[in-house]
Amino acid sequence: MPSPIAHIVPFKILLRVFFALVILTVLTVTASEFNFGRFNLFIALTIAVLKASLVLLFFMHLFWDKPFNAIVFIGCLIFVALFIGLALLDSTQYQNSIHQQQAPGVQHKPLHP
Amino acid sequence: MSTTQPHLASHFNSPQQQFDSGKLGIWLFLTTEILLFSGLFCAYAVYRSNHPDIFAFAHQYLNKWLGALNTLILISSSFTMAWSVRAAQLNQKNLCTTLLAITILCGSAFLSVKYIEYKNKWQEHLLPGPRYNPRELPPAEAEALDDQSRDRKGATWEGGAASTLPHGRSLTVAALIPPTETFRAPIGPAGLNPAWVDNDRSSRFSMSWLAPTPSLEPEPNNTHIFFGIYFLMTGLHAIHVLVGISLITWLLLRTTRGDFSPQYFAPIDFTALYWHIVDLIWIFLFPLLYLIGNT
Numbered sequence: 001m002p003s004p005i006a007h008i009v010p011f012k013i014l015l016r017v018f019f020a021l022v023i024l025t026v027l028t029v030t031a032s033e034f035n036f037g038r039f040n041l042f043i044a045l046t047i048a049v050l051k052a053s054l055v056l057l058f059f060m061h062l063f064w065d066k067p068f069n070a071i072v073f074i075g076c077l078i079f080v081a082l083f084i085g086l087a088l089l090d091s092t093q094y095q096n097s098i099h100q101q102q103a104p105g106v107q108h109k110p111l112h113p
Numbered sequence: 001m002s003t004t005q006p007h008l009a010s011h012f013n014s015p016q017q018q019f020d021s022g023k024l025g026i027w028l029f030l031t032t033e034i035l036l037f038s039g040l041f042c043a044y045a046v047y048r049s050n051h052p053d054i055f056a057f058a059h060q061y062l063n064k065w066l067g068a069l070n071t072l073i074l075i076s077s078s079f080t081m082a083w084s085v086r087a088a089q090l091n092q093k094n095l096c097t098t099l100l101a102i103t104i105l106c107g108s109a110f111l112s113v114k115y116i117e118y119k120n121k122w123q124e125h126l127l128p129g130p131r132y133n134p135r136e137l138p139p140a141e142a143e144a145l146d147d148q149s150r151d152r153k154g155a156t157w158e159g160g161a162a163s164t165l166p167h168g169r170s171l172t173v174a175a176l177i178p179p180t181e182t183f184r185a186p187i188g189p190a191g192l193n194p195a196w197v198d199n200d201r202s203s204r205f206s207m208s209w210l211a212p213t214p215s216l217e218p219e220p221n222n223t224h225i226f227f228g229i230y231f232l233m234t235g236l237h238a239i240h241v242l243v244g245i246s247l248i249t250w251l252l253l254r255t256t257r258g259d260f261s262p263q264y265f266a267p268i269d270f271t272a273l274y275w276h277i278v279d280l281i282w283i284f285l286f287p288l289l290y291l292i293g294n295t
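Protein chains in written order, with the numbering used here: chain W, 1 to 113; chain Y, 1 to 295.
Hints are computed from structural coordinates only; laboratory data are not their basis.
The structure displayed is predicted, hence computed values, not measured ones.
One should not assume that every hint holds.
Claimed, not checked - Each computed DSS-like pair below joins lysine-lysine, with the alpha-carbon atoms no more than 25 Å apart:
| # | chain 1 | residue 1 | chain 2 | residue 2 |
| --- | --- | --- | --- | --- |
| 1 | W | Lys12 | Y | Lys93 |
| 2 | Y | Lys23 | W | Lys66 |
| 3 | W | Lys12 | W | Lys66 |
Just chain W, with the same shape it has in the complex:
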């Protein structure tokens, strides 16, 4: 009996997505056991993006939905990328005024003024 108002996700797909998510979780934990140097973060985030895509496409129906919901969500991701990207652009600008990771004045406070 097909539902007239929304697509019904086949159980097989739900189960496969679930197992894929479990396998990817095991994979990301296994990968963290090894040291890939500067690729550690890249590998961890790639697996996370893969997992997130699986959840979005199949658990959250975006694969079958009208594309407008996906456009809204992708638009949101673009703004997040802008937000974090622009914030990162100048975040190292103030490192020169920081002494031993303390704000100026914190460490050089005399005991008995």
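With the hints as your guide, set chain Y onto chain W.
Just chain Y now, with coordinates in the frame of chain W:
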């Protein structure tokens, strides 16, 4: 119309139009959730890009197996939630009730594991700001030292004490300070606090396996900020899990009451979308907080 489709509001033409409008509304809400969390992800990105050493050191206090367990629990709950939507669409009421109950159980299990982790952090003084002091002495001695530092005597750093530090910790900074110029350790990090000079780590709490002892030394300054970020991100996420559990409990009651049908299951579908977003955020939190590695 109203007798055959009791859930159709008068301003919609069809159940499908009502469902699609509601779904778009939920997606808009979910984007605001993403933007809310992106503020914290931004703080994380800025702080980690500036101080990778703090993250490489402090994440060793987190138990990644508990994090992985929580990831699996949350993925399972997402699976049962997605399945419950399918069950509601197919009018399988008993199955739907069972699946919603399993989802609630998984959410509670997630929060229980989180509670164990938080409790351990609390006991080990792995807390943000001035509360950060993982090398805490037993309460009585700590109090005595507290009094001492209130007299401003204990806070004066003696360079000779550096040799007794555990794990070959080098605090050569002490030797650089001229004797006339005494410094007070900044409030917060255990950095220059002499309280842990004689502290034997083996005397710590029995639950210390939950927070593994860091092998990467020495401890950088301001490690406590990692825990500020950790508690804010996982705390806000845990609040969302709590809200999700409440919503699913409400759905469970309505399902047993027989409110839903293949024509009207929007509350289950929309709550499922919210629950999946909560899962999605955890999918990113887990590697970013627990699996940092020795970069």
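Against the structure, the hints come out as follows:
1. With a CA separation close to 20 Å, the supplied pair lysine 12 of chain W and lysine 93 of chain Y stays within the 25 Å bound.
2. Between lysine 23 of chain Y and lysine 66 of chain W, the direct Cα distance comes to roughly 10 Å. Compliance with the 25 Å bound is thereby established for this hinted pair.
3. For the proposed pair lysine 12 of chain W and lysine 66 of chain W, the alpha carbon gap of about 22 Å is at most 25 Å, so the pair holds.
When the structure is compared with the earlier hints, no violation turns up for any of them.
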